[in-house]
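I would like the entire structure built from these sequences, with the hints used as guidance.
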Amino acid sequence: MHDAESLIEAMAGQLRELLAARGITEPMLVGIHTGGVWIAERLRQLLGITAPLGQLDVSFYRDDFSRIGVHRRVRPSELPFDVEGRHLVLVDDVLHTGRTVRAALNELFDYGRPASVLLAVLVDRGGRELPIEAHVVGARLTLPLDQEVQLTGPELLHLVIQQTG
Amino acid sequence: MSATHFQLDPQGRLLHFLTIEGLTRRHLTDILDTAESLHGVAERRVKKLPTLHGKTVVNLFFEASTRTRTTFELAAKRLSADVLTLNIATSSAVKGESLLDTLRNIEAMQCDMFVVRHEQSGAAEFIARHVKPHIAVLNAGDGRHAHPTQAMLDVFTIRRHKPDFAHLQVAIVGDILHSRVARSLIHALNILGAGEIRVVAPRTLLPAQVENLGVRVFHCPDDGLRDVDVIVMLRLQKERMEGALLPSEPEFFQRYGLTEERLTLAKPDVLVMHPGPINRGVEIDSRVADGPRSVILEQVTNGIAVRMAIMSITLGNHARPAGETV
Amino acid sequence: MHILIQGGRVIDPAHQFDAVTDLYVAVGRVAGLGQPPAGFKAERVIDALGRIVCPGLIDLCARPREPGLEHKATIASETRAAAAAGITTLICPPDTDPVIDEPAVVELIRRRAEAAGYARVRALGALTHRLRGERLAEMAALKEAGCVGVSDGGRPITNARVLRRALEYAATFDLTVFLTPLDPELGSGLAHEGPVATRLGLSGIPAAAETGVIARDLELIRDIGVRAHFGRLSCARSVELVARAQAEGLPVTADVAVHHLHLTENDLVGFDSRCHVRPPFRGVRDRDALRAGLASGALSVLCSDHQPHEPDAKQAPFGDTEPGVSGLDTLLALGLRLVRDGSLPLPTLLERLTAGPARILGLDQGHLGIGAPADLCVFAPDADWLAATLRSRGQNSPFIGWELPGRVTHTLLEGQIVYEA
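Chains as they are written, first to last, in our numbering: chain A, 1 to 165; chain B, 1 to 326; chain C, 1 to 421.
There may be inaccurate statements among the hints.
Covered stretches of chain A, as calculated for chain B (at least 3 residues, CB under 8 angstroms) [stated by the list, open to error]:
#	segment
1	65-71
2	75-89
3	105-119
Derived EDC-like pairs (lysine to aspartate or glutamate); straight-line CA-CA distance at most 16 angstroms [claimed, not checked]:
#	chain 1	residue 1	chain 2	residue 2
4	B	Lys238	B	Glu249
5	B	Lys77	A	Asp110
6	B	Lys48	A	Asp110
Simulated from the structure, these hints should not be mistaken for lab results.
Quick reminder that beta carbons are idealized off the backbone N, C-alpha and C, glycines included.
Take a look at the structure:
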């Protein structure tokens with residue numbers, strides 16, 4: 001159940017079917033730092049995609065800047081391709097409130113206008129605060145509010161459930 | 001409370017950016033790393049981040065400056081802040097309004113940040129001590145005392161080319177006495193552990209006991225520039241001739257100017273820097289200013305990302321309740 | 001009124017008197033010491049047990065700001081503050097507005113002080129007309145009007161020829177000249193030229209701005225033989241120069257402002273405008289040399305250099321503020337701190353605040369001889385107090401917030417109680 005690697009293989013399968021159904025032949029994978037990038041790298045290999053990965057650090061787009069300021073470990077976002085008119089697959093490790101994905105979408109659209117954006121997540125833990133849903137989900141979990149699930153890596157990926165705080 | 005600690009909150013986070021003195025290596029590298037991640041914004045279709053959306057930044061320039069003012073304006077706008085620019089030299093201060101009254105009037109307009117440039121040393125700190133606590137104050141240059149954002153963009157530029165500070169030899173040449181750029185840069189380089197910092201100038205342009213700042217003094221560029229990794233040329237102002245500090249610009253250029261010949265004294269991969277605006281043929285030969293070793297224009301570009309980083313960090317710290325760490 | 005000040009330690013440095021005894025005041029004079037004079041009937045008894053009784057302090061340099069700068073302070077407000085601090089005579093330099101270069105201004109000051117009735121204010125007349133350093137002022141008339149000396153009022157005469165003639169003219173009328181040892185060009189900076197000014201980016205005032213002028217002036221004094229007094233030394237080297245001149249027999253004296261004995265350039269950190277003073281606070285070595293000079297007598301007077309300011313004058317970036325400390329309230333207390341630190345004995349401190357200035361001014365004051373005007377100060381030397389709000393109109397003091405020793409309990413002026421705690 002918490003075996004991340006096999007969940008990612010399952011995601012790859014779902015994604016393959018979805019891309020075929022939509023007739024998308026050259027998807028661009030964009031991972032959200034840090035866990036989303038690890039997963040996107042795996043997916044890229046599993047799906048045999050040759051195009052480079054995009055990476056997003058959404059710190060400057062977070063809606064809670066007024067509360068918590070700039071995050072210490074901010075990294076540069078890198079999209080080594082033109083977003084304009086492309087089909088993107090946004091990849092993240094955990095989908096919870098939906099705010100990170102909203103921030104990522106805002107950032108992506110500041111780069112250009114994609115043709116479409118699919119969302120693939122390793123874990124959907126519920127607790128949505130915005131109208132956002134993933135197209136591809138590795139596993140669904142229901143967790144109490146005082147617990148969180150984290151992905152550890154980068155060599156061997158593991159899902160860990162722990163108390164918040 | 002000591003001067004240099006007034007800009008930090010009890011948890012040691014930046015609330016204002018007044019001077020490099022008293023900051024830790026961590027403070028500086030956080031700014032440099034954040035600036036690195038902001039650097040690519042200028043290449044995007046939408047050259048903006050929503051980070052300071054809804055915030056108002058006021059440029060309070062008591063000393064005129066087009067170039068610094070526009071880079072701060074651009075930095076704030078690229079973070080989606082609203083920007084208000086006040087050139088006080090031409091407005092109420094001339095009518096005799098005291099600095100404090102000017103501040104109170106602007107405060108009444110509900111602002112979040114003041115970017116201040118003033119001809120008196122200590123002005124930025126004075127303003128920071130007298131404004132409401134929620135306002136962040138950024139020093140854009142106060143008299144001879146400090147120009148911390150310039151120092152940050154200078155070390156950011158150096159780091160991009162020569163990241164190993166421990167073995168770095170830097171020469172700062174020119175009017176050290178009047179230079180806030182020099183003072184801030186010397187502090188930053190010392191905090192980052194630079195190998196050696198040299199100041200090169202005639203005696204009239206060196207402040208008393210300048211070695212106390214952590215520098216080696218040279219009166220002759222032929223010794224001072226030997227084998228250095230970075231040369232920072234400072235601007236020479238015309239008033240220095242009137243103040244009997246120097247006889248003439250030609251003599252200064254002859255003895256201290258950065259010519260192609262003098263450049264060969266330094267390491268082959270030396271960086272040539274200048275805070276601008278440059279006086280061609282006074283501090284620096286055009287061929288060097290425009291040559292392959294010059295990173296002067298890069299400094300200007302880097303200035304925007306660095307200022308965006310400093311604005312985000314200080315305003316972000318004002319928002320954060322005490323006790324929360326990231 | 002007959003007043004008995006009972007059981008205090010009476011210290012009269014002028015007569016080398018230091019003993020616990022009773023002091024009798026009658027008809028505004030010191031009438032007896034130890035024994036009541038004939039026919040004395042105490043109408044008022046002041047219990048001075050455990051307290052010091054000394055002559056009222058004479059502040060050799062204090063600016064009540066009147067006439068001309070009444071928005072900063074007035075003779076009434078400042079003499080009232082002086083009385084509460086045990087000071088019974090203030091010497092006012094001539095840089096008022098109008099300048100004290102006419103008898104009418106001397107008279108105005110005298111009358112205002114008398115009307116307020118808290119302390120004496122004596123004036124120093126100007127050396128030059130309007131203190132411009134060009135034409136001589138009418139020094140003879142000023143002396144006649146009551147000036148106790150002549151001075152450059154903090155605006156040193158830069159033309160050496162004019163200076164020489166001014167000194168000669170003053171000497172003609174047996175006037176003591178009070179000089180400010182400062183070269184205005186070399187001394188045009190904001191802080192002591194040293195590592196702190198370098199770090200803070202403040203323009204520096206080198207020691208030579210003071211010592212160079214003293215050396216030059218000493219040569220003129222040597223030639224002319226005028227009695228000269230240098231005001232507010234700040235450098236170690238200045239003390240040396242004055243001491244050497246005194247050893248040679250030149251009629252030279254000097255004073256130091258009490259704040260220079262406590263603070264140094266290091267106190268400027270933070271750009272605290274309350275530390276913006278002229279001459280500037282210098283290095284630790286200088287401060288220590290000034291203390292030693294006061295103890296040895298090379299510096300014969302301790303003064304406050306009182307310069308009260310309105311708040312606006314100090315609430316601006318350092319270089320935009322006006323220099324000066326409001327010093328009346330803390331003169332005695334800061335002096336007592338030196339005694340506590342062991343820098344000098346109590347009787348010596350009191351000498352520098354009473355007999356010393358009186359001697360230089362040629363006044364029959366500052367002592368407790370029988371028949372002397374009863375200008376007295378009674379204070380508790382070990383009563384500490386917190387300097388919070390100053391009594392002076394000017395709150396510009398870097399010592400606000402300090403715990404200071406010595407609480408004045410009574411001040412008498414000409415036998416009248418002008419202050420009682």
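Here's how the hints hold up against the structure:
1. 65-71: holds (count 7)
2. 75-89: holds (count 4)
3. 105-119: Check passed, 5 qualifying residues.
4. B:Lys238 with B:Glu249: OK: Lys238 of chain B and Glu249 of chain B at ~8 angstroms, within 16 angstroms.
5. B:Lys77 with A:Asp110: holds (15 angstroms)
6. B:Lys48 with A:Asp110: Measuring from Cα to Cα gives roughly 8 angstroms; hence the hint holds.
Every hint from the earlier list agrees with this structure, and none is contradicted.
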